[in-house]
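Chemist: Residue strings, one per chain:
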Amino acid sequence: MNGLMNRKLLILLGPVLALVMFGATVKMASSLMSREYRDPYRVPVAATDPTPRAAGVAAEKAEADKAARAKPYEEAEYRRFPGVGSRVAIWAVAQLHLLFAAFVLAVPIFALIIEAIGYKTKDPRYDRLAYEFSKLLSVSFSLTATFGAFLTFMLIILYPKFTNYLMSVFSPTFLPYVLLFFAEAFFLYTYTYGWGKFHPLVHLGLGLGLNIVGTAIMMIANSWLTFMMSPRGISDTGAVISVWEAATNFTWMPINVHRFIANIAFGGSVAAAYAAFKFLAAETDEERAHYDWMGYIGNFVAISAFLPLPFAGYWLAKEIYAFSQTLGLTMMGGAFSWLFIIQAVLIGNLFLGANYYLWLGMGRVEGAQPFQRFIKYLLAAIVLCFMIWATPRSIIATVSEVRAMGGSAHPILGFLGVMSAKNTAVNILILTTFMSFLLYRRTGKIATVSWAKTGHAAQLSIFAVAAIFVIFLGVYGYFVEASVRIGLSVPQVSAVLIAMLSITAIDVFLFRKPKNTGEVRWGKMPAISQYVLIFIAVTFTWLMGLMGYVRSGLRQHWHVYGVIRDTSPDAFTPTLGFATQVVSATVLLFFLLIGFVFWITSLHDRPDYAGTKGEGSEIPPEFAVAVPGEHRGPSAS
Amino acid sequence: MTVPLPARIGALVLATTAFYTYVGQLVPQKEVQPPQETVIRTDLTSADMAKVGREIMEGKGLCFTCHTIGKSGALRFPDLDGVATRAATRVPGMSELDYLAQSIYEPDAFIVPGFNPGMPPINKPPIGLTDQEILCVIAALESLGGTPTVTLQTTHRYLAGAAAAGGTPGPAAAPAQAPGGAPGKPQPLTPPDKGAAAAGSDGVVER
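For the record, the sequence lines run as chains A and B. Residue numbering for the first sequence follows our numbering, beginning at 15 and increasing consecutively. Residue numbering for the second sequence follows our numbering, beginning at 14 and increasing consecutively.
Please note that the accuracy of each hint is not assured.
Claimed, not checked - The calculated label-pair distances, taken between Cβ atoms and stated as ranges, are:
(1) 485(A) with 85(B): 22 to 28 Å
(2) 397(A) with 58(B): 58 to 64 Å
(3) 170(B) with 254(A): 29 to 35 Å
(4) 207(A) with 15(B): 49 to 55 Å
(5) 464(A) with 85(B): 55 to 61 Å
(6) 88(B) with 532(A): 26 to 32 Å
Stated by the list, open to error - These stretches of chain B come out as covered by chain A in the derived footprint (C-beta under 8 Å, 3 or more residues):
(7) 42-48
(8) 129-142
Stated by the list, open to error - Some chain B residues flagged as far from chain A (calculated, every beta-carbon gap over 12 Å):
(9) 19
(10) 21
(11) 23
(12) 39
(13) 170
Source of the hints: derived by calculation from the structure; they are not laboratory data. Where a beta carbon is used, it is the ideal one built from N, C-alpha and C, also for glycine.
Could you build all of it, start to finish, from the sequences and the hints given here?
Modeler: The structure is reproduced here in structure tokens:
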């Protein structure tokens, strides 16, 4: 008991002592720093003349004061951020704000869907899963708001003139934005902390409100940034003609759609990474089973959103070209063309990782062996498409090599570096991943409907026709004029989308009331599968950072493209190597912070401190705090 | 010894970002500087102008982002080899000089068969070449399959009789490309004095 008292005393005295020492150090340092020449101590003041130095210091001070008063007010155009410079500082803060915002917008979307499934099926597991996802929100929301405020202040401090211009154009949107932000806070906290406290339908309504408000906030913020890329609604001199037109500029809606889908993919992957972390740290089979399932759902959400993402990307690129061919060609054929090779590596890794996770997942289902034999063919197709996509048009070569090749394009491989080949590769990649999903869905069950054989044949035929059509158009693109070739990507994309939608529709009816041939053994997954989930989350985050860079960097030396020129020392476009370093630093910072979010969230599940010391019994039961959601029974779902 | 879980995950995150950073170092590294203003002396000969024009085409004009010289096959934009010869006969009744000037100031007025519209007016931002710079570019184009004849005193329909040497203002001072204009549609002509008015104003485009 005495030992315990002594330890408590030490714990109490420790911080006090530290504070006293800190205060003494500050006092000593400030005293030493403020020392300057003074008159000798023992000489009577009246007996000495003022020293020339004292007069000089006084004159200097008066002069500086006079100069400061005479200086006219001058509006600063730019200010310099120490060390890394203004651009990198803004870049990192904006990227961190965006990553957290994407997470905060995405999680409520799938939390709501999962909660709705739980309500419909009366399965409490879904309710618990949705609650588990939503627990990540409150800390992330605070960090999003903090980084948002940080970004605003940084813009005002570092780019005052440009920020002033943006404010003059978009000032009518600021008040609605703030009001929506209040509404977001209301819905988010009532949704998270109100779990199990309201009627399920009321709670679902709160979730719906949260999603609508969140999306509206994103759309307003998107109008500001897309205006910088594709401005309209302003006169030749940059004066505002129509705020509505400025907000709904050329790239606004494509960015809205692209971000909405990408946020879901990103949020799903980060939530899956959280589940992976919890799975690896789990101590019981029950915990492992739960977090395996959570990781599976998170990854399913991520990949489902990821598959249509390239199509949204096509639309965005099309609008960029429609707004300005120069901008489009700078993106795809100019300074940024090599960035898309890096993007190909990232997306290739995402497809490989996602497929690998699915194939590993087949192992947790009994009777999966018949489907596992297809894996090698799927892997071969993915690797082949990946290689084609990552093949550059111009190869880095020495002068003699370029002469030998007759140009910077390789005589054979050069044909794979053009859009006809790349579009074909990415569409086949999507179809192959979709095939992996279909195989995974089939593990452990057999269709029992009377038309099962016809259904399977129809699905296979649709898949084959779509693949052949995509490849045919890819080859055809080599033999037609540019104006025709550009248009071929639309039917390619449409074929893949139609195939995925129709095959899914058939699948839903085909596997109604199936015969189960094997149980799903949740939690029976190798540890490497969880590291794959974390790898996917890091890759998604890095990809978002990279694509954020190209979207913003595309403007090159313009703050607002063609309207406000960047005249700061950072007006140049940095090398891709430098850009990737900044992206990596931001990604590492994000994961450090998201680790913090995970840690805070995990505190919720830890036993009380008093409980761990055997003093829990001292709390009367009437004062015990109920954990939201955990008392909620199946009937409440 | 078992490595703690946070350390293992941290190592994975670090290794993944390091790998992607490494990939970023493998691609060609090019730092793109903002275009420099070209100072054009008034005593340049046509041949000198062609040289200056070629430099502008390679740099500030961004011409070779889209166009090629001496390339055949499936091209996205017309190849410029021999353009001087074709320019004289491309549009009936239009001189070589007027055709080249139109291609630069009003590129959507005539689209070469087999190609799509897409070239922006080069005298407006974001490229925003001055009238003097455009004359140099015309001289460079004339040298591709012909002999440059333009001088800095040459006038054409887009200069509306104004002496080029007097020039319209530079690109940073030029007005924005009409952002509300639908892409792909012909852009209206910009009278030289409109740009001058914009440059003289206190508008933000002067930055």
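Chemist: Give a verdict on every hint.
Modeler: Results of checking the hints against the structure:
Look at residue 485(A) against residue 85(B): about 27 Å separates their beta carbons, and that is inside 22 to 28 Å. Range check, residue 397(A) to residue 58(B): about 59 Å between beta-carbon atoms, so the 58 to 64 Å window is met. Between residue 170(B) and residue 254(A) the beta carbons are some 33 Å apart, a value that agrees with the proposed interval 29 to 35 Å. Distance hint check: the CB atoms of residue 207(A) and residue 15(B) are about 37 Å apart, inconsistent with the given range 49 to 55 Å.
Checking the proposed 55 to 61 Å range against residue 464(A) and residue 85(B) shows it holds: the Cβ atoms sit about 60 Å from each other. At about 57 Å, the beta-carbon gap between residue 88(B) and residue 532(A) misses the expected band of 26 to 32 Å. Requiring three or more residues with a Cβ within less than 8 Å of a Cβ of chain A, the coverage given for the stretch 42-48 of chain B holds, as 7 such residues are present. With a threshold of 8 Å between beta carbons, the proposed coverage of the stretch 129-142 of chain B by chain A holds, since 8 of its residues qualify and at least three are required.
For residue 19(B), the condition that its CB be more than 12 Å from all CB atoms of chain A is violated, with the nearest at approximately 7 Å. Chain A draws residue 21(B) into its interface by the beta-carbon criterion, the shortest separation being 8 Å against a cut-off of 12 Å. Here residue 23(B) does not stay apart from chain A, with its beta-carbon only about 8 Å from theirs, under the 12 Å limit. Remark: the non-interface label on residue 39(B) conflicts with the geometry, its nearest Cβ contact in chain A lying 8 Å away (cut-off 12 Å).
Annotated as non-interface, residue 170(B) keeps its C-beta farther than 12 Å from every C-beta of chain A; the closest such distance is 21 Å.
Hint compliance for this structure: hints 4, 6, 9, 10, 11, 12 are not met, and every other hint is.
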